[in-house]
Amino acid sequence: MNARTLATLLTLALSLLAGCTSRSREVVVYTSVDQVVSEPILRDFEKQSGLTVRAVFDTEETKSTGVLNRLVAEAAHPQADVFWSGDPVRPFVLIKRGLVAPYESPNASGIPSSFRASDGSWTGFAARVRVLLVNKNRVPASELPYSIRDLADPRWKGATAIANPLFGTTTMHVAALFATWGDEQGRAFLKSLKDNQARIASSNGEVKRLVASGEVAFGVADTDDAQEALSEHAPIEVVFPDQDGIGTLVMPTTVSLMRGSPHPEGGKKLIDFLLRPEVERRLAGTAAHVPLRSDVQTPPGVKRAGDFKAMQVDYSRVADEMERMQPWLKGWVGL
Amino acid sequence: MLVAAGTVLVLAALLPLLSLVTELSATGRAALAVLRGPRPWELFLRSTGLSALVTAGALVVGVPLGVLIARSDLPGRRMLWLLHLFPLFLPPFVLALGWFHLFGRTGLLGTEATARTLFGGAGVFWVLWLAFTPVCTSLVSLSLLGLDASLEEAARLVGTPARVASRILAPAASPAIALSAIVVFALTISELAVPMFLRVDVFPAAVFARLGGIDYAPGEAFALALPLVPLSLLLLFFERRFVGPRSFAVAGLRGMSRDPLPLGPWRPVATLAAWSLGLVSLAPLLVLLVRATRGGGLQELPRWVGRAPWTSLLSGAVAATVIATLGLVLGHAAARRSRGATALDALSMLAFVTPAPILGVGLIAVWNRSWTQAVYASLTILVVGYVARYTVVGVRAVSSVVLQSPLHFEESAAVAGARFSRRLARVVLPLNLRGVIGGWLLAFVFCLRDLETAVLFYPAGREPLTVRLFTLEANGPPSVVAALAVAQVTLTGAVLALGVLALRRSAR
Chain W
3 MNARTLATLL
13 TLALSLLAGC
23 TSRSREVVVY
33 TSVDQVVSEP
43 ILRDFEKQSG
53 LTVRAVFDTE
63 ETKSTGVLNR
73 LVAEAAHPQA
83 DVFWSGDPVR
93 PFVLIKRGLV
103 APYESPNASG
113 IPSSFRASDG
123 SWTGFAARVR
133 VLLVNKNRVP
143 ASELPYSIRD
153 LADPRWKGAT
163 AIANPLFGTT
173 TMHVAALFAT
183 WGDEQGRAFL
193 KSLKDNQARI
203 ASSNGEVKRL
213 VASGEVAFGV
223 ADTDDAQEAL
233 SEHAPIEVVF
243 PDQDGIGTLV
253 MPTTVSLMRG
263 SPHPEGGKKL
273 IDFLLRPEVE
283 RRLAGTAAHV
293 PLRSDVQTPP
303 GVKRAGDFKA
313 MQVDYSRVAD
323 EMERMQPWLK
333 GWVGL
Chain A
2 MLVAAGTVLV
12 LAALLPLLSL
22 VTELSATGRA
32 ALAVLRGPRP
42 WELFLRSTGL
52 SALVTAGALV
62 VGVPLGVLIA
72 RSDLPGRRML
82 WLLHLFPLFL
92 PPFVLALGWF
102 HLFGRTGLLG
112 TEATARTLFG
122 GAGVFWVLWL
132 AFTPVCTSLV
142 SLSLLGLDAS
152 LEEAARLVGT
162 PARVASRILA
172 PAASPAIALS
182 AIVVFALTIS
192 ELAVPMFLRV
202 DVFPAAVFAR
212 LGGIDYAPGE
222 AFALALPLVP
232 LSLLLLFFER
242 RFVGPRSFAV
252 AGLRGMSRDP
262 LPLGPWRPVA
272 TLAAWSLGLV
282 SLAPLLVLLV
292 RATRGGGLQE
302 LPRWVGRAPW
312 TSLLSGAVAA
322 TVIATLGLVL
332 GHAAARRSRG
342 ATALDALSML
352 AFVTPAPILG
362 VGLIAVWNRS
372 WTQAVYASLT
382 ILVVGYVARY
392 TVVGVRAVSS
402 VVLQSPLHFE
412 ESAAVAGARF
422 SRRLARVVLP
432 LNLRGVIGGW
442 LLAFVFCLRD
452 LETAVLFYPA
462 GREPLTVRLF
472 TLEANGPPSV
482 VAALAVAQVT
492 LTGAVLALGV
502 LALRRSAR
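For the record, the sequence lines run as chains W and A.
Residue 337 is where the first sequence ends in the numbering used here, and the numbering goes up by one at each step.
Residue 509 is where the second sequence ends in the numbering used here, and the numbering goes up by one at each step.
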């Protein structure tokens with residue numbers, strides 16, 4: 003092979019590479035919803051709309067923050083049209099930076115107003131809920147924990163788990179607790195977790211594994227983790243905590259249209275699709291997500307938003323809290 | 002040409018790092034405050050200790066095994082070499098996944114105790130030691146295969162095989178041993194996915210966490226990575242001091258043309274030990290195949306694999322070609338000690354040992370601009386990232402073979418009036434073609450196995466296979482994840498097989 007052949011081949015390859023740049027018949031979505039759940043839905047959208055979906059998924063360890071930070075890093079030249087977030091507070095990080103464009107989808111009308119922004123900057127749908135996963139072999143039915151505070155109960159010293167609060171839904175959960183209890187109680191609770199030698203897992207998935215294996219007696223994770231454990235026939239009991247207190251945290255997945263996105267019309271079509279009741283029903287079936295609409299059918303074992311006492315939180319305030327407490331939280335984690 | 006190659010390397014590797022220096026200076030003390038706490042230093046020490054342990058373990062096993070493979074009468078030593086070497090070309094994360102399916106709680110041989118051991122420091126050491134020991138084995142073997150036969154033959158007239166091995170072969174292989182130690186240390190300290198998967202906090206994971214937290218803080222992440230700079234410089238110094246201009250062989254330069262050293266009564270023991278290690282290296286791959294087959298993952302594979310293999314192949318092949326071209330120019334310059342070559346060589350090494358997430362954020366900062374969208378929004382950004390991280394592979398592969406080729410051909414061509422580019426294309430390249438192809442192949446498989454670099458900036462919908470595997474690992478069906486791992490293994494195996502064929506053809 004001489005230099006000219008090599009140069010020709012390289013030029014051809016580079017053209018192939020560059021040929022993969024954005025085209026008009028596509029939509030780009032960044033999502034922190036589990037790939038195994040979100041990808042089939044995005045494929046169905048492709049079939050129905052004729053648009054090609056290009057997606058960026060999160061890794062488990064940086065769930066909800068990896069793609070979020072990529073959106074922030076790319077702010078000067080947005081690549082994404084839609085951010086499909088696994089929780090309702092990350093979009094506020096983008097909203098505050100002016101990275102989100104308002105869009106009120108006609109399909110959002112059936113969703114309660116507390117789960118969507120009045121200006122259309124975010125719309126919530128199928129939700130996850132923070133629950134306690136309890137290993138039935140280690141905890142007798144009469145001693146089931148019933149509150150999030152039980153994680154710090156000395157009776158369970160060294161036998162509880164929570165995911166790293168710098169990532170994923172645990173960040174939001176801790177921020178919601180701080181917003182509800184106030185700083186002093188929030189910090190005291192986290193300190194008591196450390197004193198109680200609670201395991202700080204790398205992710206909710208790891209909490210599930212620790213509880214399922216009996217390495218810890220119980221831990222806090224999300225409803226989709228609980229469903230996975232149950233489908234793997236793990237000896238797990240699922241407890242919706244604080245039903246006689248502050249209530250259980252509900253975390254809708256949300257969609258937002260990105261400002262200055264390369265394919266805004268495609269982005270709107272995708273948002274309309276995701277906000278259909280069929281998608282909520284499907285997420286209830288495949289990932290035990292709780293539908294926010296009262297008329298969406300759920301499979302056995304999956305509750306609707308009105309079936310339990312939900313923690314009353316202002317997601318915008320929780321988002322503020324989440325950013326404010328980061329330095330302290332990093333110190334708590336040890337970074 | 003050196004200027005052009007240097008410019009490509011600077012664009013790919015130096016600018017991203019400089020952009021983070023700018024970020025660091027903008028955030029100033031706040032960013033540096035991240036180093037005040039004890040935790041980052043604790044993690045740094047842990048990572049350094051882990052890397053030292055893996056390196057020591059790899060040397061203890063890899064050096065004698067390299068001698069056995071290259072110069073002994075061990076039965077089936079070529080096959081053993083292939084078995085032992087292959088896992089090196091796979092993402093260590095895939096191997097960890099295989100061990101998980103073997104020794105995890107629900108694994109084929111899993112118990113509570115094996116799972117506890119695997120998910121901890123011992124597990125990380127085990128996976129990385131098995132993954133990286135072939136670096137030592139192979140570099141030692143290759144250096145011995147390239148050794149001047151007369152030295153060994155003279156020694157064998159007066160000494161026992163053991164004495165020949167310890168007094169002639171081992172000292173002759175010392176540059177290769179030193180280089181393998183550096184490579185294993187660098188690979189271990191920059192490894193992110195295996196410790197994350199096996200739930201062990203390490204320094205690169207802390208840097209990654211700084212980028213993955215709710216408050217995006219690239220300046221802080223860069224500040225956190227600063228302790229790695231003196232470590233990189235130390236590695237460079239070590240390499241210059243103990244490897245530097247000395248020659249050592251690379252893939253397939255010489256044949257096993259001499260009579261092997263007889264192992265005598267030690268032959269059965271050595272055979273058992275060496276083959277056990279080779280088979281153990283393969284165990285996780287076989288387990289992945291079983292897991293993928295049993296759970297129906299292989300049938301589901303077409304649904305989940307997408308275009309990821311094509312993305313891996315295309316971006317990897319183009320990147321490897323660019324790297325081999327840079328390697329030819331820069332590697333030749335480094336071997337011939339041209340002006341500026343040492344600095345560029347050092348830059349390529351620095352980019353290799355810098356935590357990949359740092360490089361990734363720098364690449365976003367440099368390339369996500371309105372006038373560079375053709376690069377950033379396409380697979381080209383993957384090529385840029387791979388070139389930034391793995392140019393060192395091409396440079397080292399080529400410089401090592403150029404060191405072994407005679408200078409007088411180039412001098413004659415120069416006297417005859419051939420310009421530098423012509424000498425490079427008509428003299429250096431043909432003389433060192435096998436080394437360049439070897440470098441290309443090595444760079445290609447390094448790109449194929451990359452996860453940490455690409456995961457931060459891969460273009461939407463164009464993820465390489467390793468990234469797809471990693472994002473599906475936590476929540477995807479285990480048999481499908483195992484099937485994706487098998488696809489990665491198959492892809493790498495196919496590329497290696499084709500590469501070896503190309504190497505053989507070039508030898509004719």
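Hint data in this document are derived by calculation from the structure and do not stem from the laboratory.
Where is the CB? At the ideal position from N, CA and C, for every residue including glycine.
Careful, some of the hints might be misleading.
Here are a few chain W residues that face chain A, going by a calculated C-beta distance under 10 Å [stated by the list, open to error]:
(1) I248
(2) R261
(3) P264
Footprint (simulated), chain A over chain W, 3 or more residues, beta carbon under 8 Å [as the list claims (entries may be wrong)]:
(4) 50-57
(5) 74-85
Pair ranges (Cβ atoms, derived) [what the hints assert, rightly or not]:
(6) W:S51 - A:P303: 20 to 30 Å
(7) A:S277 - W:P279: 23 to 33 Å
(8) W:F310 - A:R308: 57 to 67 Å
A quick look at each hint next to the structure:
1. I248: violated, 23 Å
2. R261: Since the shortest Cβ distance to chain A is 15 Å, the answer is violated.
3. P264: At 8 Å from the nearest chain A Cβ, W:P264 passes the 10 Å test, so the hint holds.
4. 50-57: With 4 residues closer than 8 Å to chain A, the region 50-57 of chain W meets the three-residue bar; holds.
5. 74-85: holds (count 7)
6. W:S51 - A:P303: 20 to 30 Å: holds, 22 Å
7. A:S277 - W:P279: 23 to 33 Å: violated, 59 Å
8. W:F310 - A:R308: 57 to 67 Å: violated, 42 Å
In summary, the numbered hints that this structure violates are 1, 2, 7, 8.
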